[in-house]
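Student: Numbering (this note's numbering), first residue to last: 8 to 186.
FYI, nobody ran anything at the bench for these hints, they're computed from the structure. Treat the hints with caution; some may be incorrect.
[To be verified] If you anchor each label on the Cβ, the simulated ranges turn out as follows:
no., residue 1, residue 2, range
1, Leu-111, Phe-150, 31 to 39 Å
2, Asn-71, Asp-12, 27 to 35 Å
3, Tyr-171, Ser-144, 34 to 42 Å
4, Asn-71, Ala-47, 31 to 39 Å
None of the values given here were measured: they were computed from a predicted structure. Where a beta carbon is used, it is the ideal one built from N, C-alpha and C, also for glycine.
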Amino acid sequence: MNRDDFLRELRSRIGHLPTEELEAAMAYYREYFDECGDDAAAWAELGSPAEAAARIIADYEERNHSMPTQQYSRKGCLPGFLVGVFATVSSPVWIPLIVVVLVLVFVFLLLTVVLLFVLAAVGFALLTAAVKVLFISIPTAIFSVGAGLLLLGMVLLAAFGIVYAVAAVIKRLAQKKGV
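Required output: the full structure, derived from the provided sequences and hints.
Tutor: Now the structure itself:
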């Protein structure tokens, strides 16, 4: 067996190692043969390609096993499994609850909008009533104008507040989703 046969067999035996490790080992043995000069003397010191491959693999495994590796335990999987089972079993309870909460939020928003329209209508009605009552009773007309303007002002403030709150919620959701 000559140098090329030795290196070819060595490469075939350590071919499963990572590329960097394989190339480093092959470069080392090529250099060793170059320095020794006599293939027979180098082969006598190195032993067979199988022995050299066993040493390389042992050194590689020793270096890799000395590094801390992450240990996985079956205990970590069990709580996730239990959460999944609990979520599935309790879904007849929490799915209707989520639907009820969503419906209540929708109804609350709808009632708020309807209330604002009703208050605006009452404000306009008080202003028109003030014009009709102006010739009958001036204090009643002044009261109607004041009450109408107060209601319209409250409606405008509430509407601006709602628009601002909805815009803030949409902005926060857009930032959270990264849109």
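Student: In ascending order, which of the hints set out earlier in this document are inconsistent with the structure?
Tutor: none
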